[in-house]
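K.L.:
Each chain, written out:
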Amino acid sequence: MSPAVIIFIVLALVAVACAVAMLVSKNAVYSALFLVLNFATIGVIYLMLGAPFIAVAQITVYAGAIMVLFLFVIMLLGGENLRLGEPLRGQRLIGLIFGAVLLAEIVLLLIFRSGMDQMVGTLTIDTSPAALGLEMFNKYSLPFEVTSLVLLVAVIGAVILTRVDPIRRPGKPDQDRKDQSGRQA
Amino acid sequence: MTGSFPAAMLLKSLPEISLVILAGLVLLLSLVWKKRPPQALTWITIAGLMLCLLLALLFALPVKGPYLIWGGLLKIDVLSFLFRMIFLTGAALTVLISVERQPSQGQGEYLALLITSVFGMCLMAASADILMLYLAIEITAMPLFILAAFQFRQKKSAEAGLKYFLYGAMTSTVMVFGFSLLFGISGQTGYSAIAAALEPDRLPVSLTAGIFMLVLVGFLFKVSAAPFHFWAPDVYEGAPTPIAGFLSTASKAAGFAALLRILQEVFRASPELRFGLLAAAAVASMLIGNFLALRQKNLKRLLAYSSIAQAGYILVGAAVGTPLGASGAIYYLIAYLVTNLAAFGAVAVVSSNTGSDQIAAFSGLNRRNAALALVLGAALLSLGGVPVFAGFFGKFLVFASAVQAGAVWLAVIGVLNAVVGLYYYLNLLKVMYLDPVPEGSGPLTVVFPWKAALLVCAAGILVLGFIYRPWYHWADLAAQMLLLH
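As they're listed, the protein sequences go chains A and B. Residue 1 is where the first sequence starts when you use the working numbering, and the numbers rise one by one after that. Residue 1001 is where the second sequence starts when you use the working numbering, and the numbers rise one by one after that.
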């Protein structure tokens, strides 16, 4: 067994254990932290597969930015100790069925994997961060800029949809209600 | 060299670049210029949109043969040029209709979001790369989600925004899954490279069919066709009326522009598959749209169901896939733009005067404002496909293309559906012209921007209905270039 395989097995076990721990943990903050660990191990697996850019993006974007946001929301909304109930019934059963189907699919794929190769396209580009950066700012400069615009729109939307009415004098609560149902009468 | 941005390329995308600048300018002015006249931003936006149109005519005319820019991500041809005109015109009319409904607070954001959405639509029509297409669809949809919820103090508007967002996010996820498979089998994102990888000798047809269905989900949502039409009635009803009009015309046209292109340039190796799936979607949309429209009491909901049915008619042209089918679909979209914006404009006028979108609010409209009733009547007849109005040629061309391609049954279903559609459009005319004026309703006030918008729409309906040659010529040119490889 080569060192790479050993490292992979260890990482895989950690990743799966974190994922399970995230699901069964009763405290939402612990769940989020387990997810961070899971993301980090997946990032290392990407690194082993020779995709350093994706690995770093995984750590900075997912494990870093997004999970910090998660933690903020959990703590701000006080969701640390939610009671574990199912808002929609039957989710567990459906989840189990889908899980079984996925497992069967993976097993089938492993058995019949011959013949799949010719359908899969090959990547012709260099995946090193430097080469990716050059691609992103040359060939894909337009999509890059458009993405920034998408984010700007999202920010504007968040500001608009959470704005508060400027005129909200105390003692006149009826005024607001009348505005709300203005056109429906 | 890859790193340079040649001036010719920037010139070709000058309209898009100026749209982004315009959006930023409007946003900035709304913050900085506090003592502006109330409608200043509206007129600046309209002037800016017209300037973009002019820039497109001056610098970005389509050249002979397809012309790829931005490293093959965008294609400048008659299709992208024509649809850019459609989007800019539609946006300008929508801004005019929006005048009174805009709350003075958030007016800048409203206009900036609308302009950003138009920018995305222009990119959608020109995209020749799945990565670019996906981003274009997102930048088109995101502002529209927000605009649908713009009057979020009203429950219905908030509901509209949320529903539109959830449906849009879900369907675009499915579509991106399809895109990822396209990338997986070809290793490329450009349309032509993917098309080469989809040749039947390289890939089993069943797999192509699966991918095609996944990709189609996103487009059927965008054009509000069955079976992904459920959002339309609720969103149209809850969203601000001008935005509902914009969704049903420009946004739908953008979906069709991208769909026509991807059908011809990516899935060209499987015409039976395209015909089978799209014809099924077309028939389902026509039936669902028309028959559910019969029972509606709210005019905006009725127009939503009618817009589902119209998507069905246009899909007939896309399903056939011949030059006539594609040009018919394009002509239909041009006609539908002015027609449906006129209808939604009239609804906006009435509902802002009476506070109601119910059909009952339109009874006796003829005696309260004859000109308004005339415009709405023309729009309804055009939607029904009555000759001398714009809608007639659209329907005629798409049904003719079905007959020409040997799918007579599809044309027969279409014509029968058009008859059902005519029933509820004529019923509305009856309400407007014969029913008594409701008690206590005075004459309707129509402010100048509304008059201008309705006048332009009415003129468009008549011009497109009487003189069809130049418009058909452009639509045909776009279709020919699309099919040319």
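In case anyone wonders, no lab produced these hints; they're calculated from the structure. A couple of the hints might just be wrong.
What the hints assert, rightly or not - Examples of chain B residues toward chain A, derived with CB under 7 Å:
#, residue
1, 1068
2, 1106
3, 1116
4, 1139
5, 1143
6, 1146
7, 1265
8, 1407
9, 1408
10, 1409
11, 1412
12, 1413
13, 1476
Claimed, not checked - If you want the ones that stay clear, here's a sample from chain B, every Cβ over 12 Å from chain A, calculated:
#, residue
14, 1027
15, 1058
16, 1071
17, 1105
18, 1135
19, 1161
20, 1294
21, 1430
22, 1433
23, 1469
Claimed, not checked - If you only want the chain A side, here are some residues facing chain B, beta carbon under 10 Å, derived:
#, residue
24, 96
25, 142
26, 158
27, 161
28, 163
Cβ atoms here follow ideal geometry from the backbone N, Cα and C, with glycine treated the same way.
K.L.:
Report holds or violated for the interface hint on residue 163 of chain A, using the least CB-CB distance to chain B and a cut-off of 10 Å.
P.N.:
Hint holds; residue 163 of chain A Cβ to chain B Cβ min 7 Å, cut 10 Å.
K.L.:
Could you check that no beta carbon of chain A comes within 12 Å of the beta carbon of residue 1027 of chain B?
P.N.:
Not fine: 8 Å to the nearest Cβ puts residue 1027 of chain B too close to chain A.
K.L.:
Closest CB-CB distance from residue 1294 of chain B to chain A, is it above 12 Å?
P.N.:
holds, 24 Å
K.L.:
At 12 Å, judged by beta carbons, does residue 1071 of chain B keep clear of chain A as stated?
P.N.:
violated, 4 Å
K.L.:
Mind checking the CB of residue 1408 of chain B against every CB in chain A and telling me if the closest is under 7 Å?
P.N.:
Hint on residue 1408 of chain B: violated, closest Cβ of chain A at ~38 Å, above 7 Å.
K.L.:
Is the interface hint satisfied for residue 161 of chain A? The criterion is a beta-carbon contact with chain B at less than 10 Å.
P.N.:
holds, 6 Å
K.L.:
Hey, does the residue 1143 of chain B contact hint survive, CB to chain A under 7 Å?
P.N.:
holds, 5 Å
K.L.:
Holds or violated: is there a CB of chain A closer than 7 Å to the CB of residue 1068 of chain B?
P.N.:
violated, 12 Å
K.L.:
Does residue 1412 of chain B hold up as a contact with chain A if the rule is Cβ-Cβ below 7 Å?
P.N.:
violated, 40 Å
K.L.:
Let me know if the C-beta of residue 1413 of chain B comes in closer than 7 Å to any C-beta of chain A, holds or violated.
P.N.:
Because about 37 Å separates residue 1413 of chain B from the closest Cβ in chain A, which is outside the 7 Å limit, the hint is violated.
K.L.:
A closest beta-carbon separation below 10 Å is what the hint needs, so does residue 96 of chain A meet it against chain B?
P.N.:
Violated - the Cβ of residue 96 of chain A stays beyond 10 Å from chain B, reaching only about 23 Å at its closest.
K.L.:
When the nearest CB of chain A is found for residue 1116 of chain B, is that gap smaller than 7 Å?
P.N.:
holds, 6 Å
Checked against the numbered hints above, the structure violates hints 1, 7, 8, 9, 10, 11, 12, 13, 14, 16, 17, 18, 19, 24; every other hint is satisfied.
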